[in-house]
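Participant: Spelled out, the chains give:
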Amino acid sequence: MNPQLQQQSTQRRCKTSKDERGLLRLGNFFLSRALRAVLGFSMLWLFVAALPTRCAAQTALLSSAAGGFAVGGPNPLLPIPTYHAGFGNVNGLGVGTPAAGLTALAVTGGEFYYTPINFIVAGANPGHPVVIWAYVSTSFSNSSSVLQLMSCPNPGPCTSFSNYSAIPNTQASEIVILPQQTSTGTFTAYLGLFVGSVNGIPITSSDSATIMFDVRDDRHGLLSQVKLQLDTPNETVQTAVRLQLGTATGGLTITATGGTPDYQSDFGTVNGLGIGPAAGLTIVTGQVAGGSLYTTPYLVEPQFSGFSSANNTTITVYVSTNFIHSAVLNLYDSASSASGYNLISTSSGAQTQITSTAGNGTNITRYLGLFVSNANGAGSFTGSDSATLTYTITVQ
Amino acid sequence: MATGITQEENKTVMKRTSLAILATLLTMASTTFAATQASPGTSVSPTLQLTATVQTAIRLTLAASTGCAFSAPTGGQDYHMDFGTVDALTINGPCANTGGAGKYAPTVPGSSDDATYYSNYTVTPQFTSQSQTTGTVKMYVSSNFAANTSLTVVDGGSASALPAQAGFTASPTAAASAVTVVSSAASGTAYTRWLGVQVAHTNGASVAGVGAQQSATLTYTLTVP
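Residue numbers (this note's numbering), protein chains in the order written: chain A, 1 to 396; chain B, 397 to 621.
One should not assume that every hint holds.
Cβ pair distances, simulated, as ranges [to be verified]:
no.	chain 1	residue 1	chain 2	residue 2	range
1	A	Ile283	B	Thr569	32 to 40 Å
2	B	Thr569	A	Ser339	42 to 50 Å
3	A	Ala70	B	Thr449	49 to 57 Å
4	A	Ala278	B	Ala465	31 to 39 Å
5	B	Thr447	A	Ala338	20 to 28 Å
6	B	Thr447	A	Pro179	52 to 60 Å
7	A	Pro179	B	Ser439	43 to 51 Å
8	A	Ile364	B	Ala586	36 to 44 Å
The hints are simulated quantities; they were obtained by calculation from the structure and are not laboratory data.
All figures in this text were calculated on a predicted structure; none of them were measured in a lab.
For glycine and all other residues, C-beta sits at the position ideal for the given N, C-alpha and C.
Produce the complete structure using the sequences and hints provided.
Facilitator: In structure tokens, the structure reads:
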């Protein structure tokens, strides 16, 4: 920040206007109405005439940038031109499609939404270079761990989270969003909103904030301001929940399909004697009589965000579609590799519980067992079969 | 207007309709996701499809019983039983002084029939996903003793109890004539059977292999029809 500048001011709130207001007040006491009119007209002329020399701060308009969110306004125009935009529905996991003009990035600890925005600068020239600074004049109700406004100065690049800095909450520590320019024109900078993947703290669902842009004459210390209220729409912090499955080290490959079912995994060829298990599979003995138990570790990956309370988050599983040859093939679950295998429930009403205290972002290594009967004769079966497990995470 | 709605009222209705549609679209956009995630929401239920192809399987296991011990094979075979030092007068051995191993001395040592050293062992067939519930185990000598004029592999056939000396017969040396060891083998059952080495009582030019370790290889075949 330029240390010569002491106070925020619009172009119409510079010292010239203060002089004008003082004389007019004087007139209220000592001058007749007619004289006041004449004097007032004269002062207005003087004000207009003096404006280019005494109050020549550069100005900036805000507008939507190509591919960015919609910027409306200014409304009101005075005392500070106020523009409106908003990030809309957001969540800490980046679930869903961001609002129009926003790009979402998964970042450490949350999700980052960003957008370009245009600054249309007037009045800048080599004798009056302009710099635009930014600070948050009205903060979100939510804490910065939930919502944090960030900016990336012109000319960028601004496509990586590392390009952004948090916008401070005080003018004293404002940061540059448009470095010094010596000509008028339209300049694009970026605004970003970090949404923390946090739980267990009070969260105001619908929130808004205001960013003040200080348009400063970098040589003469003149200041004008515009502000952007992020209230159209408001920033609505939504809950989000995600449950993914993954391949564990040394385990069977679990593939995300992008469709239905969500994941697939193939035990390959199996037999009741446990001969020749495929890569990633281990035969565990002593758990189930009458056949072989092929086991694999895998990952259960819960994520949830925006919950005021999430201490009792459960993950359950059940066999939603059983093997056709369920007398030959069965699915087992265990928390450990070599023991503790239990038949997975086939009832949605009495599911097998994996955990009742799932943590956001805390992967769980679980063990899945495929039992293959060693039966012969009429009850035997050879060929391919499949079953579907349905996992459910419930944040509560 | 014939409808009784003024133009101004109509505009208001249209505005409300437009807003309602917009609100609906926004709501849909914020809640339509894959089964792995949702926002807003408190629960999701992804699915995992597991596939397996069940094959038939078959296994035949030999193991020492109460007779001669099995040791690690040295020539690429699967098992190794050692009868130790033997002779036609049954002076040496047997490999173990248990009921599972022993020797039959010749009736007239050195002049009539041969000496037989024997041991029990187990044959365990296992098979799964077969249409039949029983199989057959056969055996033959796939590689005979080099000194086969002095040493002969004998077996007790499918007998589970110790055969008499005469019950030990020379094992076949051709696959086509393999002897049945277990005729109706159930999966997972360990069958006790008997093997032996017969030492010829002959002397003279036909004697071979004396003092040198001799070995033969037996091949067992489990078949589930």
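Participant: Against the earlier hints, flag every one the structure doesn't satisfy and list their numbers going up.
Facilitator: none
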